[in-house]
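Start from the sequences, fold in the hints, and give me the full structure.
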Amino acid sequence: MIKAVMVINGLGKPRLSKFYEFQPAEKQQELIRHVYAVLSGRPDNVSNFIRSLGTVFGPDTRLVYKHYATLYFVFLFDNSENELAMLDLIQVFVETLDKCFKSVCELDVVFNYSKMHTILDEIILGGQVLETDSVEVMRAVEEISKLESTTSAGTMINKSIPSWWAR
Amino acid sequence: MNPFSSATRLRDMIRAIRACKTAAEERGVVRKECAAIRAAISENDQDYRHRNLAKLMFIHMLGYPTHFGQMECLKLIASPGFPEKRIGYLGLMLLLDERQEVLMLVTNSIKQDLNHTNQYIVGLALCALGNIGSAEMARDLAPEVERLLKFRDPNIRKKAALCSIRIIKKVPDLAENFINPAASLLSEKHHGVLITGVQLCVDLCKVSTEALEHFRKKCTDGLVKLMRDLANSPYAPEYDISGITDPFLQIRLLRLLRALGQDDADASDTMNDILAQVATKTESNKNAGNAILYECVAAIMSVEDNGGLRVLAINILGRFLSNRDNNIRYVALNMLMKALAVDSQAVQRHRTTILECVKDSDPSIRKRAVELVYLLVNETNVKPMTKELIEYLEASDPEFRGDLTAKICSIVEKFSPEKIWYIDQMLKVLSEAGNDVKDEVWHSLIVVITNASNLHGYAVRSLYRAVQEAGEQETLVRVAIWCIGEYGDMLVNSAGRLHIEEPLTVTEFDAVDVVEISFKSHSFDLTTRSICLIALLKLSSRFPSCSQRINDIIIQYKGSFVLELQQRAIEFNSIIERHQNIRSSLVERMPVLDEATHIGRKAGSVPAAVSTSQGVSVNLPNGAPRPSAAPLVDLLDLSSDDVPVRSSSGGDFLQDLLGVDLVPVSSQSGTNQAQKSGTDVLLDLLSIGTPLANSSPSTTQVLPSNVDAKSPVDLLDKLSSPSAPSVQVCTPAGSSPMLDLLNGFPSSPPISVTEGNGPAYPSIVAFESNSLKLTFNFLKQPGNPQTTLIEASFINKSQEVLTDFIFQAAVPKFLQLHLDPASGNMLPANSNGSITQKLKLTNSQHGKKSLVMRIRIAYKVNNKDVVEEGQINNFPRDL
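So the sequences go chain by chain: A and B.
Note that full-length UniProt numbering numbers the first sequence so that position 8 is 8, with each residue one more than the last.
Note that full-length UniProt numbering numbers the second sequence so that position 715 is 715, with each residue one more than the last.
If you are wondering where the hints come from, they were derived from the structure by calculation, not from laboratory data.
Remember, it's a predicted structure, so these values are computed and weren't measured experimentally.
Only true hints are included.
Examples of chain A residues toward chain B, derived with CB under 7 angstroms:
#1 P14
#2 Q29
#3 S47
#4 N48
#5 N82
#6 A85
#7 D88
#8 S114
#9 Q128
#10 L147
Per label pair, the in silico range of CB-to-CB distance:
#11 B/E469 with A/K66: 41 to 51 angstroms
#12 B/P80 with A/S80: 35 to 45 angstroms
#13 B/Q556 with A/L11: 50 to 60 angstroms
#14 B/A395 with A/S80: 35 to 45 angstroms
#15 A/V135 with B/N381: 49 to 59 angstroms
#16 A/F22 with B/Q799: 43 to 53 angstroms
#17 A/K102 with B/K217: 42 to 52 angstroms
Note that the Cβ used here is the ideal one computed from N, Cα and C, for glycine as well.
Structure follows, in C-alpha cells:
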C-alpha cells in the first residue's frame, strides 16, 4: 500500500502531504525533512527509486519521486506495490493537476490546497489506487466543484466559498 | 456584515505566510492566525467555520499544532451543506487519526452520510472511512460498506471496494462477509471498479485463507480469461498509457494471480500460459510495458516451479539491465537478487551484463550491482570476477571505493583458491585504494600472511615493491612495514624465493629507509607511525649493522609531543642501548596469529583477552610482542591461594566456570582488574554479578532438586570428575557458589545415547525444579562439528496442568542459538506427556569453549504466571 504522498518544493517547503498510515504531526514534519534531505542530494541522472531510507520509515519502505520544475512529487509505499507502476501513478497525478489548472505551477498547488486534496482523494483512497484515468478523475472533481458552487450560492451564509475555491 | 473584515481569507493568509522572509516572521503570522481561529471557535462562529478549518489544514501542513480544530471538523461534518461537509471530511482525515477518541463521535455522522441521497456525500464519507477508519468504526459500518459495493454508480462501488480493504485489515474477522461481494466485483466491466475489486481480492487473500481458497477454486479461470482479454484487447484510449491497455489493471491482476498461484500447483498450471504470453508479448519500450513485465516476472518467480518460464523471466530481467532507463535497470537488479535464490544458474548467465552495471553512472545502481555481483561469485568464477572488479576500482569514484573494496576483500577472502592469490589480490586492492579500506581488511591480510609460512618471503618482497609504487596508500604501508619488521631478513636475503618471482635486490639499508620514510611522513597517523617504530626496533635486532642508525632515529623521538611515540622511543632506546642481551628474544617473530580467533573478533563477538589463546593481539600497534599468557592461567593464578594446581583434565570448561565463579571468592581478597576483564563476557552474559553469586536464584536453580546444597560432602558424592578432590581441599565448607556450579557439571549420569552418524553425546538433565524437568538430547551433524542439534523435552512433575508454556534461552556471544517452535504450550500433570522443542547451537569457539546457556521458562498454573530461570553449565564437553 501507499504510505504517504508528498509534494515538496525545491527549498524543502511541503506543498502537500498526506499520510495513509498514521504519523503524529511532528513525525510528519521529520519525515518530510528527511525525504527532502535525501532528494536534494540526488543528481538528475539517477534512478527515481530510493530504498535505503534508514529507519525512519520502517523496513522495506520504497520511495519513488519525480522532479517537475520546482516541485518534487514523492510517493512512499511498501513492497506490495510495483515501483514502475508508482512512477506512472505520479504521472497520472501530475497530468490530472495539469488538466485541472491548465499547466500547473507551484502557485496553483499552494493556493488550491483543498482542491489538491480532492484530486488526490479521487486517485488514492486509504493507500490504495482508486482511479488511474485522469479524465475520470477530472469528471469527479468537476462534479464536486459544481456541487460546491451551487450549494454555496444557494445558502447566503457562505459568501466566502468561491474566494478560496476558485483560483 | 462584511465577510472579509472579521478574518482574513485563506488566500490572504497564504500570501502573508509566503511573504515572510524569516522563520520567526512566519511563526508570528501563524500565531496570529491561530489566535484568531481559536477566538472564532470559542465564539462558535458558524459563518467562517469551514474557512477557518481550511486555514488550519494549511497551517497543519506547515507543521504547526492544530489539535484545537478537531472538534470543528466534527461540527462541519454534521452540518447539512456540501461545502461544509467536504472541508469537514478533509480536515478529519488530516487533523485526526484513528487513535483519537474524538473519532468515536463521528461514526454516527459517517453512517448517516453513507446512506445519504447525494452520492458525492456518500463518496466523501467512504473516503474518510477508508483513510482513517478505526476497528470500532469498521465493525459498525461494515454492513453499509458491503451494501455500497452494489451501488448503481461505479464511482461509489470502487470507493466502497477500497474502503472494504481498510475494514478487513482492521477487523480480519469480517473478511468472510466480503468474499462473495468481492468475487462478483471481478466480473465488472468498469475498469476502475475492476482495479479496486482485484485489489480487494488480493488483500482478502492476505488476511483469510478461506478467501484464498475460494478465489483459487472459483476465480482463477475467470481471472486468466480477463488477463488474456486485456493483453489482447484493442486500443482503449481512456485507460491507455503509452499504447498499453490499462497497465494498472494488468499489474493488479498479475499480483492477484501471483497470490493464487503461490504454493498451489493446479492454479499455477492454469496461469502458466497467460504468464508466458504476457512475458513475451508485452511491449518493452515504454515504462508502462516494463512495469507489466516486471510484475509478470515477479509472478513467475512466486508461482509453482516451471523451469522454462523462470528462465524466460530471468532473461527479461537480463534485457532490462541493458535498458537505457535507470529505473528499469534498478528494478531489474533488485529482482535478480531475489531470483538468485530461485535459479542461480539462469542469473549467472547474465553475469557480464551485471558486471557492466557496476560501472553505471548512477550510484544507486552501482551499489545494487556490486551487491549482486557479490552474491554471484563462487569458487569457479572468483578469479575473473575479481579481476574485473579490481580493474574497475581504478576508475571508480572515491565515495564508492569504500563499498567496493569491502566487497572485493570479502569475495577474495571467502573464495580464494590459494593463499598466494589472496595475497596478490589484496596487494592490488591496497595499492589501488589503500586509503579507503576498512581496518578489518588489512588486519586479516596480516593474519593470512603470518599463517602462510612458505610465503613470508614472497609477501614481504611483494609488499616492498608495492610500497615503492604506491607509498601514499596508508594501509598498504602499514602492512608492508609490519611485514618488513617481522620478515626483514627474508627481504634482504631473498629467502624462500618462488620461481614466479623476479629477483629483487634490497640492502638492509634500503629496508630501513622505507621504514624511516614512512615513520617521518606527516601524512600518516599515529597507528602507522607506531607500527614503524616497532618495526625499527625489530630491524635493529635483525640487521645488527643498522642498529646504530636505527637508534639515532629512535632517539629523535624521545622528545616527541605524541605521548605514545615518546614513551615507546624511550623504552626502545633503552632496550637497544642497555639490554642487548634480551633484545633478540624480545623481538622474535610474532607467533602465528590464529585465523579462527581473528574471524571471531572481526564479527565483534569476543574480546581479545578471552578468545586468544596466544594472548597476542594483531591490531595492537604500539607494543612489543608480549609473552603470551593465557587468560585462563591468569585466572587460576589469581586464585592459587585457594586452589591447588589442578590436573589439566579439569579442562577449559571447568576452568571457565571456575573463572566465573571465583570472582566473588577472590574479590573478597582484593583481586585486581585483570581477572575481572577476563571474565567480563561471561559475567555479562550470564549476569552473575559479584554480589549476586550467593543469593542469585539462577545459581541455586541449577541444582538438581534432590540435592541439598548445604553440605559439600554430599555434593562430592555426586562429582565424578577427576578434579573433584582438589575442589574438596580448597573449598571452605561455607562458600557454596563454586560448588553449586561444579555440581551442575557432572550431576547426572548419562540417560541415553543418541544414535546417529556423528559422535554421540549422553543426554543431560539440563534443569530440574519442583515442578519441571528439562532433558537435553544431543545430535551432531557429521561434517559440521560446530553445530549441535539439541532436542529439549520438558516434563511436568507437579499435580497441576501447566499452560501457556514458553521456553526462552540466551547464550554468550560466541554461540549462535536457533530455536524451533515448540511442539505445544500445554504440559499435562504428573509427568503425563511432554513438550519437545528443537534447538540449534553453533559454537564459533568450538574446541576451545564449551556450551553454556541461560534459560527462562514461563508458564501458567491455575492461571497464575510462574517464571523459572536457570543456567545450564553441564553440557558435555566438545560440543
